[in-house]
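Dock chain B against the given chain A, drawing on the hints supplied.
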Amino acid sequence: MTDKQISSGNSVKGFLGKMVSNQLFIPLAALLLLVLFNLVADPTFFKIALEPSSTGNLILSGNIITIIDNASELAILAIGMTLVTSASGGQDISVGSAIAIAGSVVLRIVKGQPADISSLSFYGMLFGAFLLCVAVSAAFGAFNGALVAYFKIQPMVATLILFTAGRSIAAWINNNDNISINDTRFGYFGNFIPGIPVPTPVFITIICLVVIALVLKFTNLRLYSQAVGINASSSRLNGINPKSIKLLSFIILGICVAVCGFIKVSRTSSITYSVIANNIEMDAILAVALGGNNLGGGKFNLTASVIGAYVIQFLTTTLFKFKVSSSAISAYKAVVVILLIIMSAPIVRKWFADRRNRRLAAKAESATGKEVA
Amino acid sequence: MKDGAVLEMRGICKYFPGVRALEKVDFTLREGEIHALMGENGAGKSTLIKVLTGVYPKDGGEVWLKGSDKPIHIKSPQDAQNTGIATVYQEITLCPNLTVAENMYIGRTKGPLTNWSSINRKAGKLLDDLGIPVAATEQLGNCSIAVQQMVAIARAVDMDCKVLILDEPTSSLDEQEVQKLFNLMRDLKSKGVGIIFVTHFLEQVYEVCDRITVLRDGKLVGEYVIEDLPRVQLVSKMLGKDFDDMADIKSDADTANIDLNETPVYQAINLTGTTGIKPFDFEIHRGEVNGFTGLLGSGRSESVRAIFGADRVVGGEVKIDGRTVKIRKPLDAMKNGISYLPEDRKLDGIVGDLSVRDNIILALQVMKGFFKPFTKAQAEAFADEYIKLLNIKTASQDTPIKSLSGGNQQKVILARWLLADPIYLILDEPTRGIDVGTKVEIQKLVLKLAAEGKSVTFISSEIDEMIRTCSRLIVMRDGKVVGELKGDDLTQNKIMATIAGGESK
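Residue numbers (the numbering used here), protein chains in the order written: chain A, 10 to 382; chain B, 10 to 514.
These are calculated hints, taken from the structure and not from any lab test. The reader is advised that the hints may include incorrect statements.
Here chain A is said to cover these stretches of chain B; the calculated rule only asks that three of the stretch's residues, wherever they fall, bring their Cβ under 8 Å from a Cβ of chain A [stated by the list, open to error]:
1. 70-83
2. 359-372
Straight-line alpha carbon distances no greater than 30 Å define the calculated DSBU-like cross-link-like pairs of lysine-lysine that follow [stated by the list, open to error]:
3. 161/A x 355/B
4. 308/A x 228/B
5. 200/B x 226/A
6. 161/A x 338/B
7. 252/A x 377/B
8. 338/B x 226/A
Beta carbons: idealized from backbone N, C-alpha and C, even for Gly.
With the rest of the complex left out, here is chain A:
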């Protein structure tokens, strides 16, 4: 009896079952559920309007746009966090603090510029600021990565150092000054570019996703980090250097952090060292878990993590929309999240899959029984 014969008996059910045990199912189902809930509760939730903003641009506005816009940083972080989780079997809890550093670095460069600077040199300077911020964030990522890969410290403990120190370092970079950039051009990257109705962070996210998709397609990053996460000793004997791969994953996360930091400070043209990207590390880890990825490392599904990021933002916005007070929002979120996490846990998905297999096997048995009779 082959697999095909068994499944052909009831292909619709088989397809459904296969879908349920697919890793993308839970985050997608959660997204769908949130959409349905909002549709029923208040269809105007989905209203998208094209209207002039305070600066006179025509822009898209509406809850959906807010969600897609605000989830950008989380989606970008989810990319790096998934890779770190896969290769090192742990999570980086310092990304919020690291974003503060990245943002502070950008502002340090931008704040010194004269207001009447020409567009060309302004964007050139901004690009330089961005590159410096990438370099600094990648260096901090490498610091975390080195602690994990070479000193074999658990990722959560290793990144606790930067988690604690990061915001102080961010403040120190700018002498703890309150900085606010008056040049409106600086705000284009976190808000809208004049003439374009879609928020800029959405484009930045798309660029990041395309880049990582290309990296995964044209390098062996996926195979290497999965192999290292599953069995480092065996990977080493196959010629992979597990230490470099772990280090690399932290550096990639560092670059993601740099992009997020840039978007964050551009959104407000200012920085509050103790508040910027507060608790974002928890949401980023949550996105990875929601995507059904094993937090112990190994196999990963990046798409699932990114969808997880949007689910989290969708949930937050929905709760705000329904006037849940901001102090109570975490508690509501926790309830939903715990359900989602349990549903997407590998062990639960396996249980669903096993159940399906048992049913199929039983069906096969009864079918052959009939044949014999």
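Chain B only, in chain A's frame:
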């Protein structure tokens, strides 16, 4: 239930998607007998054991245990233990950082307070009774694997088990340790415990067992009293065909075409590792199969690991085809055409969650480079080719390797290293823990590779396997090369004598 039976399994069925792992299998264990459960990989031995111990729920059939008037349902391993079915697995499942006594009684003390001195006394007495040579207060991690295994058995015995399952307990033990284990088994047998013994070693079956149950393809072949079933017949029953005599293998090998005056394919001079072996010289020629032998811990694995660069090498010179090369890490060795199949398949070989396909292409992919991934079509073609070539039994290329049977996992690892197209292949214990059929296949493959002009270093704990495949044996003792045997010297006695010392060379 049958007379004297302590356990009876009737018509056990177990299905996995697309596979009937067990089909109406009967199994009877009598009081005070050692019963071997034999079969090839995938025959259903492990599945039967797992059904019996509650790891898998059964899909049909009944399990009867002595003393109960209706079939019992075993829902979990804990449940099995409570009903008197104890299992000792191949891998030690105790805690190495606790003492022997603590390991024996952990999870079984009542109340918050524990009188450790009385427990140490009790444990000590039990260990004495069973003749296990260890103090109750010794830390388990300091004991040899054999003693650890015996402690696991002692724990089982003390929990009043009626049925003791030993799943490949001897695969990491040396000859002496095996004897100690067998003495313990015989002792338990005389106390009325029924023992199910799962092993791949035929000699051991004939040494201690009373009865044999043979499974093949998930079905019962039969139950036999040991005296009625000669070895050759047992093997033919397991394979389901007339046994292709292993002794004939050697004739395939054409040792004549090895030219010892030619520059060696691989040559090491004074190779110095950091893992406790003395510096050694070694060379291998085109088309040659040689081997390292010695007791466990003699340094045979450490030697080949040094050759492959798996452990740090601190000195010596290495030449490939006469050129001096540096081999500092596995990738250097791989790029110089050396492949290495490690001793510990689970720890160093397989990448468990990855698919069979990814496991096959891994080494070649790494050699090709980080920025040059194979296309999916290429990878599929490679996997397809080697799954066919080595006859790997897997549901699909996408199946995670960890769900394959041990022998098939080993074939996947072999496929990985064959795909890397080495000129020199090192196989460390490629046949450990796998069934007879696959063992023969692997030995034949080794000789075929040699005939094609590749060089192979073969390590095995089973000396007859080495004699059949190798034309030269390097004998090691205590981290030192103590002899080299070839030609007419390659006999069991001569090898044993060299290993033991006294009459070296």
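Hints, verified against the model:
1. A stretch counts as covered by a chain when three or more of its residues have a beta carbon under 8 Å from one of that chain; for the segment 70-83 of chain B and chain A the count is 0, and the coverage is violated.
2. Check result for the segment 359-372 of chain B against chain A: holds, 8 residues qualifying (beta carbon to beta carbon below 8 Å, three or more required).
3. A threshold of 30 Å between alpha carbons decides the hint, and for residue 161/A with residue 355/B the separation of about 22 Å falls inside it, so the pair holds.
4. The hinted pair formed by residue 308/A and residue 228/B fails the criterion: a straight-line CA distance of about 35 Å is larger than 30 Å.
5. Proposed proximity of residue 200/B and residue 226/A is contradicted: the alpha carbons are some 63 Å apart, above 30 Å.
6. For the hint linking residue 161/A to residue 338/B, the alpha-carbon distance of about 20 Å falls within 30 Å, and the restraint holds.
7. Between residue 252/A and residue 377/B, the direct Cα distance comes to roughly 19 Å. Compliance with the 30 Å bound is thereby established for this hinted pair.
8. Restraint check for residue 338/B and residue 226/A: the C-alpha separation of about 27 Å stays at or below 30 Å, so the hint holds.
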